[in-house]
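**Student:** The whole structure should be built from the sequences, with the hints applied where relevant.
Going down the list, the sequences are from chains A and B.
With the numbering used here applied, the first sequence covers 1 to 259.
With the numbering used here applied, the second sequence covers 1 to 83.
Think of the hints as simulated: they come from the structure by calculation, not from any bench.
Quick caveat, the model's predicted, so the values are computed rather than measured.
Wrong hints could be hidden among the right ones.
[Said to hold, decoys possible] Facing chain B, from chain A, some residues (calculated, C-beta under 7 angstroms):
1) Y53
2) V81
3) P82
4) P84
5) Q92
6) R105
7) A170
8) V172
9) G208
10) S209
Just so it is clear, CB atoms sit at the ideal spot from N, CA and C, and this is done for glycine as well.
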Amino acid sequence: MNLRLGKRQLPIIVAAGVAVAAIAQAEAVVALVGATAGAIYHGVLLIVLLEAYLIVDGPTERRAAVVLALLPLLRLLSLTVPSPLWPPACWQGAIAALLLFAAARAARLAGVPWPALWPGRWSWAAEAHVALSGVELGLVALAVLRPVPLAGSGAGALTIAGMLLLVFCAGVVEELVFRHLVQQVLEECFGRAGFAIGAALYASTFAGSLSPLAMLSAGVLGLFWGLWVRSKGSVWSVAAAHGLLNVILLLGWPQLLVR
Amino acid sequence: MTSLVNSVTTAMAQGSAYVTLSRQMAVVIVALLLLLLVARLLTEANGEAPLAERTKVFNLALWPLLVAFALFVAGRLWLIVRP
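**Tutor:** So this is what it looks like as C-alpha cells:
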C-alpha cells in the first residue's frame, strides 16, 4: 500500500480521520457513559464542524466538515425527540424529517447533487434485486437480533400504514445521509478506503443499541450497500432495501399480519 | 435496522429515569442552541465569511434542533398536565 502523501493530502486525511474517530468516540460515550455526556460531546463536535466549514480553505475540507456535521446532529435529534407522548414509529419519522431537512441544506452547501433516479451502471433488474434484498435481510435480522417490535408499543395511536411509511422513510433518509453524502466525502478524503471507513462509522452509530451483534450486522450491511453504491449502483435501491429491512425488523411485520 | 433510535434513546424515553434524564438533556440542548447562536455572532464579528453563508451553515443545525426541542417541551408538558 502506497502511503506516500502529497503536501496537500496529509492534512485532509488527518483532519477527516480525527473527525471520524471523534464521532465514533462520541457514539461510544452515549452508549457506555451516558446520554447527557454523549450529547455534550456531540454538541461540541457539531459546533466545531460547522465552524470548520467556515474557517478551512479547500473545497474538499469544507464539504467534509459540513457533511460530517450531520452525524452529531443525528444523535442530538435522536436524544431529544423520543418522548412517551408519541409511539416510537413517530420518533423515527420526526427524526428522519428533521435530518432530511439538514441533509438537503448540507448537500447544497457541499455542492453535492441529489442522486440520480436512473440506475448508473447496473440494470433495473439488478437494482430491483438489491432493493428487494431488504425483505430477505429483514427476515434474517429478525431471526438473529430478535428486537422488540415497535408495533407493540403505541400501535393504537397510528395506523399500520402510517407506521410502515414512517419506518420505511427513516431507512431511506439514513441511506441518503450515509451512502450518498458521507460516503462521497469520505471517498474524497480517504480514496478507495472511504466506503469502508463510512461503513465503520455507520456501525459505530449502532453503539447505542448496546448489542455487538447489531453493530457487526450494521457494519456488514454498510460495507455491502457502500460497495454497491461505489460500483455505480443507485442509492435509491439500497435506500429501498433499508426501508424494507426497517419495516420487517422494527415493526415485526410478519407477526403484525398474523395478528 | 436504524441508527436514528436505539436502546439508549428508547430507554431514556420509556424508562423511569425519563424525567431526570430529560431535564439534563433540556439543559444541554438549550446550552447548545445558545452556543450555536453565539458562534454565529462571533464568526459574524470576525467578518471572515459572508453573512448569508454563515446563516445557511448554522441554520442547518439550529432549525432541526429548535423543532426537536419544541417537541421535547411538548412531551414534557403533556407528562405534567395529562390526567
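**Student:** Could you work out which earlier hints the structure fails to respect and list their numbers in ascending sequence?
**Tutor:** 8
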